[in-house]
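Take a look at the letters that make up each chain.
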Amino acid sequence: MLIEVLFFLLVMIAGTAGELCMARAMKTVGEVTDFRPWALVGVARRALSVPWTWIGLGLMTLAFFALLAVLAIENVSFVVPVTALSYAVGALGGRVFLHERVNAARWAGVLLVCIGVTLVLLGKR
Amino acid sequence: MKELRTLHFKTYVLILVIVIFSPLGSMLLSKGMKGLGAPVAWTPGEIARFVAFVLSSETVWLGIGSLIVFFVAYTLVLSWADYSYVQPASAFAYGTAALLGHFVLGDKVSALQWAGIMVICMGVFIVGRTPMRTTEQN
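Protein chains in written order, with this note's numbering: chain L, 1 to 125; chain Y, 1 to 138.
I should point out that these hints are in silico values taken from the structure, not numbers from a laboratory. Glycine included, every Cβ here is placed at the ideal spot set by N, Cα and C. Some clues are possibly wrong.
Covered stretches of chain Y, as calculated for chain L (at least 3 residues, CB under 8 Å) [stated by the list, open to error]:
#1 24-32
#2 76-83
#3 87-94
#4 112-122
The whole structure should be built from the sequences, with the hints applied where relevant.
Below you can see the structure in the form of structure tokens.
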């Protein structure tokens, strides 16, 4: 049980922190307007030159392997909504780390997502 | 105005890709990993068996491919849209995941779980009505 809790925490915290780092890196790269393959290769090159990308990739890799371990234990319709708890952490991270304006409506939406996740958890018991 | 329409269009298209490929990847990984079963202990030998299984499963590789498509779409959309917008908006994926789990893997999804997924979708709808970009672009 303890090992499962640890893996869930890894999926949630490392995954969200990794995504926040990736978001910061992509904001540094700038808005992508050209979606042709060679242009996307250029975007990838620019993104890989930003340190936040590597930190994000490291954290997301950690979260990915934790998810693989969790998936071996639980069924997917339980596992995937559990990771939705990271929405509250994500909204907070977006506000503090990326300086996004998270207004009342967005917080309300995030709260509903968290309630939905709780219902999914209760429905599993 | 046209610029705003383009912004909305490309955001919605990429979120659609995210909503499809993220749960598809998870489902394929789940299907692949189920063959391994619950590990009895996290010893080096057990971990080595775990990694060897991952590398030899076609289903797991298909899952990884789907997650790469998801990751590229997710990364691209973050170049212009707020993380606190994109992350909840992609929660529609949980509905897709439950459908895939139920109809493809045969997972049991209870009425309460379906209700939870509906509430998640309502939350996503509210977030979707907020501005998708609140920071200055570089």
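Each hint, compared with the structure:
| no. | hint | in the structure |
| --- | --- | --- |
| 1 | 24-32 | holds (count 4) |
| 2 | 76-83 | holds (count 6) |
| 3 | 87-94 | holds (count 5) |
| 4 | 112-122 | holds (count 11) |
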